[in-house]
Amino acid sequence: MGAGEIVALLGPDGAGKTTLMRLVCGALQLQAGQIRLGGIDLRSQVEQARTHLGYLPQQFSLYPELTVLENLRFFAEVRGVPAGEWRPRALQILDFVGLGEFADRRAGALSGGMRQKLGLAAALVHRPKVLLLDEPTGGVDPVTRQNFWQLLIRLLEEAVGVLISTPYMDEAARAQRVVFLNHGRVLAEGSPHTLRQALAGRVLEVAASPLRKVGRIAAADPRVEDVQAMGDRFHLRVAAGSLAPTQRRLDRSLRQAGCAVSFVRAVEPTLEDVYVHLLQAEQPGRAASEVHD
Amino acid sequence: MTDTQPATRPFPVLQVIGLSKQFGEFTAVDDLNFEVSAGEVIGLLGPNGSGKTTTIRMLLGLLSPTRGTANLLGHDIRSEAETIRSKVGYMSQRFALYDELTAEENLRFYAGVYGMPEAGRIEEVLESIGLSSSASMRAGDLPTGWRQRLALGVAIVHRPVLVFLDEPTSGVDPIARRLFWNHIYDLADRGVTAMVTTHHMDEAEYCQRVGIMRRGRLLALDTPTGLKQTALRGEAWDIYAEPLLRGLQAVQAAPGVWRATLASDHLRAIAEPGLASAKLEASLNAEGLTGVRLSRVQPSLEDVFLALAGD
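Quick note, the sequences are listed as chains G and X, same order. Going by numbering that gives the first Met the number 0, 231 is the number at position 232 of the first sequence; the sequence numbering is gapless. Going by numbering that gives the first Met the number 0, 135 is the number at position 136 of the second sequence; the sequence numbering is gapless.
FYI, nobody ran anything at the bench for these hints, they're computed from the structure. If you're wondering where the values come from, they're calculated on a predicted model, not measured in any experiment. Keep in mind that the hints are not guaranteed to be accurate.
As the list claims (entries may be wrong) - These stretches of chain G come out as covered by chain X in the derived footprint (C-beta under 8 Å, 3 or more residues):
(1) 142–155
(2) 227–233
To be verified - Here are the simulated SDA-like cross-link-like pairs (lysine to any residue), alpha carbons at most 25 Å apart as the crow flies:
(3) G:LYS212 / G:CYS258
(4) X:LYS227 / G:PRO209
(5) G:LYS212 / X:GLY73
(6) G:LYS212 / X:VAL160
(7) X:LYS227 / X:LEU96
(8) G:LYS128 / G:GLY38
(9) X:LYS227 / G:GLU204
(10) X:LYS227 / G:ARG195
(11) X:LYS227 / G:GLN149
(12) X:LYS86 / X:GLU99
(13) G:LYS212 / X:SER127
(14) X:LYS86 / X:SER132
(15) G:LYS212 / X:ASP185
(16) G:LYS212 / X:ALA37
(17) X:LYS86 / X:ASP165
(18) X:LYS227 / G:LYS128
(19) G:LYS212 / X:GLY38
(20) G:LYS212 / X:GLU126
(21) X:LYS278 / X:ALA306
(22) G:LYS212 / X:LEU96
(23) G:LYS128 / G:GLU188
(24) G:LYS128 / G:LEU198
(25) X:LYS227 / G:ARG264
(26) G:LYS212 / G:SER190
(27) G:LYS212 / X:ALA187
(28) X:LYS227 / G:CYS258
(29) G:LYS212 / X:HIS182
(30) X:LYS86 / X:LEU96
(31) G:LYS128 / X:ALA262
(32) X:LYS227 / G:GLU188
(33) X:LYS86 / X:LEU59
Yeah, the Cβ is synthetic: ideal placement off N, Cα and C, and Gly gets one too.
Bound conformation, chain G alone (with noise of 0.2 Å):
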């Protein structure tokens, strides 16, 4: 990961997202292998990697009776900030997440999205380089999370390094760079477009009516590799180089067959259709092997 990158883990619960993030911040020991933060080796030297880090876990303590400065002095010390210092940081930090009107106010009487705001604060109190975020925005709503992300995107321009995970693609889709994790091992990383492009020209979106009779033309089809029902519409992946003509071919059969169709039409990969070929690349047959149990 280098500075001022936001790194996102993808991967379902058990993936090994958790694991990997207290691995990183010592609190759990490697058997094999090697963790680098700012060149200082974890294992032999972790304290002093440790300075370098800002924790935020999934449940995270805050101080109910101590007021939002407060909890930011108790974190400010723990992680080494000097009795000089701790004060402009946490105000220029509270600013920065937009909870500077709240310094006074009791850390028990925030709503959730300003509690996350000071967990995020009092992980970044020390002014450390490589922020961990684990699950952050579980339970947040999407407006919450909005903002949350637009506070991460800002602190690259501080050159901070962000290694945030997450089960949702719509939020692993805003990091610069995805990382698949699947059983504890690195399914496919790059940025959300270079992950894209593996599949680019292989998917063709379909709104036509009824949605059932749409899903079987669709699934008979010699060229389409994999129908994905979506509410209103359908997914489909197509074997690669056949795009044109299978969506010509099925516009056709469609309409043929008596479907109401709104549309056939190229669309760009989403990052949930490459991983779930990527999950079926690695277990061929899994799908069928749950559908029919």
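Got chain G; can you put chain X on it based on the hints?
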């Protein structure tokens, strides 16, 4: 309504008429009006405090409305709450499975609670959620995606006509998620209506229609495609410009741009239709920004959501 909808809708299973809830001075739900047909899969998106949960509690017959009403198959939620509760199912995010009991025993237990240990029903439910051959596994030993399906089974064991699902597929990979949704679509085919609340666009995209709520009001209700085509009104642009934060300020100040946000290595802007993009590109270049590139993109559901419910 877009042309992706069938021309004739089946009869409404749920009719919501002027539904409102007041807590003291605070209006939690403000004059909701919509209909849901049998077998529809409806999503509800909204920030915390937008009234989603209060709405669902009223539809479950757990909270009485201040004004307006709703009826489920003709049963009024105000006067027939008991009947309503026998016809709805609910799968909470923190679903209550008994880990020590097997999948089948969990279903039997809940079937008993609902007072309908009908012959063959348990087997039928196991089949419909794809867990027939895992019936004797302890719920605690099932992988997350299977537990979610079992929780769905528990919510439908008493044959509800309407089932409420709260973030039903959080924390699973997309194959497990799509499998879950295929079971929902199967249920929908058999006339069961599903109403899903979620904070995640990944889930909302699976719904046939999505409602967006803010401050107790329903701002839009349409297919995901329809929302992107009509509810947004503006057009979506990806804009590359370095340095990013100066680019953001310049784009936000540009005429015709309604909203601009940071999207990792670029900016996402919603602009009025027919934005003079060449002019914007020239002005960004003139401000000394580098790597300037603008491209029209398809709006995402999140673009629509933030445009309607943001700020």
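A quick look at each hint next to the structure:
1. 142–155: With 9 residues closer than 8 Å to chain X, the segment 142–155 of chain G meets the three-residue bar; holds.
2. 227–233: Per the Cβ count (6), the hint holds.
3. G:LYS212 / G:CYS258: 8 Å, holds
4. X:LYS227 / G:PRO209: 21 Å, holds
5. G:LYS212 / X:GLY73: 31 Å, violated
6. G:LYS212 / X:VAL160: 24 Å, holds
7. X:LYS227 / X:LEU96: 38 Å, violated
8. G:LYS128 / G:GLY38: Holds: G:LYS128 and G:GLY38 sit about 11 Å apart, inside 25 Å.
9. X:LYS227 / G:GLU204: Distance ~14 Å between X:LYS227 and G:GLU204 Cα, so the pair holds.
10. X:LYS227 / G:ARG195: Satisfied, since the Cα-Cα distance of roughly 21 Å is no more than 25 Å.
11. X:LYS227 / G:GLN149: It holds: about 23 Å lies between the C-alpha atoms, which stays within 25 Å.
12. X:LYS86 / X:GLU99: Violated. X:LYS86 to X:GLU99 sits at ~28 Å, over the 25 Å cutoff.
13. G:LYS212 / X:SER127: 20 Å, holds
14. X:LYS86 / X:SER132: Not satisfied, since the Cα-Cα distance of roughly 28 Å exceeds 25 Å.
15. G:LYS212 / X:ASP185: The hint holds at about 13 Å.
16. G:LYS212 / X:ALA37: Holds. G:LYS212 to X:ALA37 sits at ~18 Å (cutoff 25 Å).
17. X:LYS86 / X:ASP165: Since the Cα atoms of X:LYS86 and X:ASP165 sit roughly 18 Å apart, the hinted pair holds (cutoff 25 Å).
18. X:LYS227 / G:LYS128: Distance ~39 Å between X:LYS227 and G:LYS128 Cα, so the pair is violated.
19. G:LYS212 / X:GLY38: Within the cut-off at roughly 16 Å; holds.
20. G:LYS212 / X:GLU126: 23 Å, holds
21. X:LYS278 / X:ALA306: This hinted pair holds, its Cα atoms lying about 24 Å apart.
22. G:LYS212 / X:LEU96: 36 Å, violated
23. G:LYS128 / G:GLU188: 22 Å, holds
24. G:LYS128 / G:LEU198: 34 Å, violated
25. X:LYS227 / G:ARG264: 15 Å, holds
26. G:LYS212 / G:SER190: Cα-Cα ~37 Å, so violated.
27. G:LYS212 / X:ALA187: Holds. G:LYS212 to X:ALA187 sits at ~15 Å (cutoff 25 Å).
28. X:LYS227 / G:CYS258: 23 Å, holds
29. G:LYS212 / X:HIS182: 17 Å, holds
30. X:LYS86 / X:LEU96: Between X:LYS86 and X:LEU96 the Cα gap is close to 21 Å, so the pair holds against 25 Å.
31. G:LYS128 / X:ALA262: 21 Å, holds
32. X:LYS227 / G:GLU188: 29 Å, violated
33. X:LYS86 / X:LEU59: Roughly 9 Å between the alpha carbons, so the hint for X:LYS86 and X:LEU59 holds.
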